[in-house]
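Chemist: Make one complex out of these two single chains by using the hints.
Protein chains in written order, with our numbering: chain A, 1 to 492; chain B, 493 to 947.
A portion of the hints provided could be inaccurate.
[Said to hold, decoys possible] In silico negatives: residues of chain B with every beta carbon more than 10 Å from chain A:
hint, residue
1, PRO512
2, GLY556
3, HIS790
[To be verified] If you only want the chain A side, here are some residues facing chain B, beta carbon under 7 Å, derived:
hint, residue
4, TYR4
5, VAL26
6, TYR34
The hints are simulated quantities; they were obtained by calculation from the structure and are not laboratory data. Cβ atoms here follow ideal geometry from the backbone N, Cα and C, with glycine treated the same way.
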Amino acid sequence: MTTYIRRAALLSALLFLALLVNAARVQVFQAGTYDGNPANRRAAIARWSQPRGDIVVGDRPVTGSRDTGEQLRHERTYRDGPLYAHVTGFASQLYGSALLEDAEDDVLAGTDPMLSLLPVWNDVTRSRTPGGRVVTTIDPAAQRAAFDGLRNRRGAVAALEPATGRVLALVSTPSYDPGELSGNGPAVARAWARLNGDPARPMLNRAIRQTYPPGSTFKVVTAAAALDSGVIRDLDAPTDSPDPYTLPGTRTSLSNEVEGCEDASLRHAFEWSCNTVFAKLGADVGLSRMRSTARNFGFNDSGLRIPFGVARSSFDTTMDSAQLALSSIGQYNTRATPLQMAMVTAAVANGGSVMAPHLVERTTTRFGATLRARGPHTRRLAMNPATAAELRELMTGVVKEGTGANAAIRGATVGGKTGTAQHGIGNSGTPYAWFISWAHAHDAIEPAVAVAVVVEDANADRSDISGGGDAAPIARAVMEAVLKTAAAGRRR
Amino acid sequence: MTKAGTTVAADPSPPALRLPRRRGVELALIVVAVLLSVYGYCAVGLAHSGTVPPGAARYGAGLGVLALLAHCAVRFRAPYADPLLLPIAVLLNGLGLVLIYRLDLETPHDQAAPAQLNWSTLGVALFIAAVVRLRDHRVLQRYAYVSVAGALVLLALPILFPAVNGSRIWIRLAGFSLQPGEFAKVLLAVFFASYLAANRNALAYSGRRVWRFHRLQLPTGRILGPIVTIWLLSVGVLVLERDLGTSLLFFGLFVILLYVATGRTGWIAVGLLLAVVGAVAVGRLEPHVHSRVADWLHPFASIEAGQGPNQLAQALFSFAAGGVLGTGLGLGHSILIGFAAKSDFILATAGEELGLAGLSAIFLLYALLVERGYRAGLALRDPFGRLLAIGLASILALQVFVIAGGVTGLIPLTGMAMPFLAQGGSSVITNWIIVALLIRISDSARGQYDGRRAP
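Isolated chain B (complex conformation) (with noise of 0.2 Å):
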């Protein structure tokens, strides 16, 4: 009767399961991605002046081959990364390039396509540095206060230098011009990251409860001193700085990442209360956020005073003149835009000469980039890659709203870049490392599972 005899065998260990690692889709996806940019900039060429731009077959190896470097990183160093990150980043970083370029086709003396060719192959080439060298994001967390130094002072810089079209965000060194704000940004989120991970339980299980059912929770002065002190700061120095763009971004980063964190949505009531004061006091004091704001109620006020259409209003033109096909690449006159077409004013371009179709192919792009950072953040167990990939994904999120709500007259323009897309070397090499974390992220969040390596 017994049946000691056909005992179950030892149940053996499930066998291993092993993910798809998926570099063949990648590696396909990446090769799409840097054909469609060398036929933008044939089509340029096309429109242009009838022949293909002479430097075609240059600009797709150079493209193709930071893209396969930047591949063969991820491949070796980062086998499980989400295949989706990098062919994004290098189609929007040469359809960036294509634009550039399409526009220098108006401006004869002011050539931006190489330098940001060369800003383009030092992003990538920090990618591929950072995927290479960085084994385990967790390492960051121990550099927080490192970061937030850091931050600091890249932030505080650029107020030595003179200021450049009445942003003091630029700081100029033999003959370069950075931006130190946009470096700022990745080393605000690690800190963020970092901190509130480590704080987030004191964060949500202290303060005093001051609504019906408890459902906002007000947290103590001891926590949240902290924080508010690094946001007055950096904000501080920001409106110092007139760089709007940036201090919202990282306002908006600064209140995602508590909520995330904390769960509480007496973050966002502070948030909230903290920002309409804010705006309310910058608006009051600031005739340049006031201006701002009158031009995105009335942005064909200057053209009924009889001064002509300003930037804004030159940006509706174009997106409007784009309809929904748009006019073809080099068919467009966006360039009437004039200052910053190139950089802030970048998405009228794509708007006038790709179309609502293009546009929108445009979003939807950075939108699946920013929802593959939020999935490497879910997958993830430990706080501090979730936090931090939620607030690079966030970076990313709020900056494309910002500027593009901005040039489309959804809300007031305050300048930033296009991520990828606009001209500026800082915002380039910047975008690149985000990329370079979430890949890293991604490669942790997804290599967890596999059968062959321990959680």
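Next up, chain A with everything else stripped away, as it sits in the complex (with noise of 0.2 Å):
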């Protein structure tokens, strides 16, 4: 009986070696797999276990977090949301991240493992390092400026500092709450069936991820084009321009809005906005030069991050020769964002420079450690210096005698160019009205900021004054607020 019993026992005893090497199975080879399933709600508990790190604006948040108590314990919440909402995105328990919170997850998660100072350690306890601060580069005035510029009508402004390339004001119209998506209720799931449903789109980004047709602000790429390839030396000599200009190649006759475009000189044809001039400038420069300008102000690049994606801004690569000078007032293919826009006349602005426009300057652990700074950086040099000085004459003309003169600001030299954008089949939708600009206190070394404001519903007045009517008052109100905080900073 004795042996049947010492066999029995190696029963119990096989039994009991099965369970622990599948126990190891379980918790240590397919640990890995199991705690990346999508089900596992674990991952979600551990996200939302602690508070999420701050977004910064000036010197306050203008995020926080609410303890719910719930499985998903902290939920975000915002100050300003609609404000800032363009900055931020939301970060929901239902819906993921956007924009901001989602380009700096790791950092504000507490996920990044900069944050840590023994990560190996964390793992070890599984302790969870709390979540890091992102401090932005927006100036609130700005972009309180900006947001009440356009109130209820649709349109973005995006303002940089023309040296830095720092993103001062980054506004979309209309805007929404995102602290409505934060939570995992019905609630949050209704809201974002109303916001996605809503035809004005509220949560696209018009600012960065919305292309527009340029129009006559795009002249400002074409005059660089022709002032550095030479085939404009004089601003001031009359250039060979017929009005009606017939577009190369067809039939078709361009016309312009105003009076005395006919061999305008290059000054003239700026200041007032002659489609027949720039047109016919566009071809006379030819698409190769013209590609290659348009290429180093950062259209047709798709890499852009400040430091979420941006829409890639178009200038067509291959075209005949009348495409190419409808191309060069900024209409048939040629499409860009506003942001895009901002750095044209920022480059215009900075000596010819076309600085990385970003959005974050630096990164902190909660108590303010710095994580990763942002200086500045040349993208690309869009053109010579001393095209860039004729080309801020040409627009400092505009404002003081041209269409701009809405921007105009007391104790600063301001340039601008208006422009206003045909759109629809057979250009029936109304409109939308340009206005780019940078201004420079007098008391200033440099200028302190460029603008782009475009408005999608202006007047319904088609002409370049709608640019300067609408969407100059905006710009100029951004520039006013950069420039009486860039004064203070002086004063200080």
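Modeler: Below is the structure:
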């Protein structure tokens, strides 16, 4: 009997051995697969188990966290949600995250290995580092000015510091309150459905994700190409431009909204936005020069991140002369985001260099120790410094004498360019009103701000004046706000 | 030349060989077990709310007093008993209370730990009563047929009560719910041991041989009859009640005891044949069983179907989240398992919060308990005691295997209580009685070699 008892004991031992081996299989070898299973709620529970780090504008956080006591414990809150919605994006427990909340998620959620002193120790103890802070470059006064300027119209504003590429304002209207999407209840699902179903598309960031035909504002690029290539040597010399101008190889004739464009000088044509002169200039400069200048300004670049992705602005690369002529006045296939046009005007203000636009000044730990800081770096040289100086002269003239008089600011040199972009089938849509500009305070060493404004539903008056009428005051308000901040900074 | 005068002095009876009783070791281990449990209790509170839970001292004192009373009973009434059995039982029971208390924190409207503490108290009381009143395990042999009758009544009783969660294994009386099948397994073990001890020669040496070298010898129908009848009855009742875990347990117990009693591989062949037939038949007829097998083969099928993870998938997530070292007591999310997290799936909480290290320790504690049972059986001389010890130890081993294997995805899941750990009064009482019987048997086993006592 003893032998049989021993064998039965052996059987029991084998059963326990099987349990141990299987436990090791589940807990060690299969653990990664199980942990990563999307149905496993533990990742979400851990993610929301601590307050999310804050996004800071100026010196104040514009975000917060609320302890709900639920399974997904801490919920995102937003101060001035609609104002900063297109900077912060949203961080939803149901629908993921967007914009800065998404691009800087590692820092905000505390998973960035830089945040912890001893990442390996954290792995062993399973402790989670508190979320870090993301300090933005946004100037709260400029942001507020842009948001209030657009009010309840559809449009967007992008403002940059020309010398550094810091994004000072990034507004898109209509906006929404990202706090509505934070939680995980049915109200969140309803808000999500409502926002996505809204024909005004409040969740679309028009400043970086929507491209518009840039219209006459693109003439800055065309003028830069003409000056750089030597097609124009003297701003005041008459150009050989007929009015109306028949597009090369076609019988389509192009005319102007204003008088006095025939053989006008570049200065006059720029100040009064003569389509005929710039269409012919574009054709004279030629496709390859136009293409390379546009590219140097940032067109046709789909890799721009600030740190979230920016839609590609496009300047067609294979066109006949007629299409090139139209493209040179910002029509045909040419499309640009408001941020792209802000980069164009910033390049002019910055002596021709396009600085990489960026929205995050630095990321820090919760206690303020810097993780990563972002300094200025040059993306491309869009034009010669001499050309940039001539363009500043032209743009200043637009504000002093031309279509952009609404943007003038006392105590500062302001350069600008208006634009009205027609769109829709047979150009039937309400034109988009554009204004791009920069401002240089008399007592400052360099221009402090470059701004691009687009208003989608401008007054339906098809003239360049609408750009000057609708968009220029908004640009002025933004520039004034920045100049005021800068002056205060100088006095300090 | 004679050496008459120098005859070897009458060989004195060999000096009385005093066996160490090791009661002091037992006491020390019990103190360690109680301290470990109190530590776990405090760790849960600290992790959950940052403070030591208010009842920690009371909990520790309660568990300590229970363990001390049990120790005194053993010290005075079963002084030769194996010193490991009681500490292991105390530790497992204490750990179970900690885990249930920990899960109670997640379910404020369903507090199970206080009731479990009461049941544990009752279990220890019955343990003490059994150790004190039952002076010799051989007494039980007389009650073999009373036992089997009692077992069958207990098994049949829940059929009269409404089904709970698909199984008719509960009876509800005056607010208490009991699982009589738990008690029945001890009674059946007593009966099997008694019957097989009495009939093992007949079972071993009759029957016809059907294999070359006479390896396989089938028993005759006359001997087989009564046992198969009992087995069919119990299994039939269980299939009616849809409690397949217990059914599997009885079957395994039956085959192991039969093999140990007779040493005939033929029994194992018959047993396996019956198991296969039974498994196929039940699998075909019972959708309940069929779905359990499907879940085992594809634990994530419900996720792929878009219905979210089922209990088994959640349990696997729990174990995986634990990893090697665990999340720490009170820091896991095994409550996601939902229903039965405190009973059948209690091991998932242990796996997540104590990790593979803690889970292995728990398995080894059970293995040690079983091993001590087998050791007591080996040391005994009377066949009934041997078979009873093997039977009780095997019940523990099989039960742990069936439920632990089920929740870790090793075998299809069948509802069953993890001995001592899981929530459930009937189970904890039964396990304390099993330990009491093992203590009694090990006392006889070791006591018989002590010089002061006739073998």
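Chemist: If a hint holds in the structure, say so; if it does not, say that too.
Modeler: Each hint tested on the structure:
1. PRO512: holds, 24 Å
2. GLY556: Given a closest Cβ separation of 29 Å, the condition holds.
3. HIS790: At about 13 Å from chain A, B:HIS790 clears the 10 Å cut-off, so the statement holds.
4. TYR4: holds, 5 Å
5. VAL26: holds, 5 Å
6. TYR34: Constraint on A:TYR34 satisfied, holds at 3 Å.
Every hint, counting from the list given before, is met by this structure.
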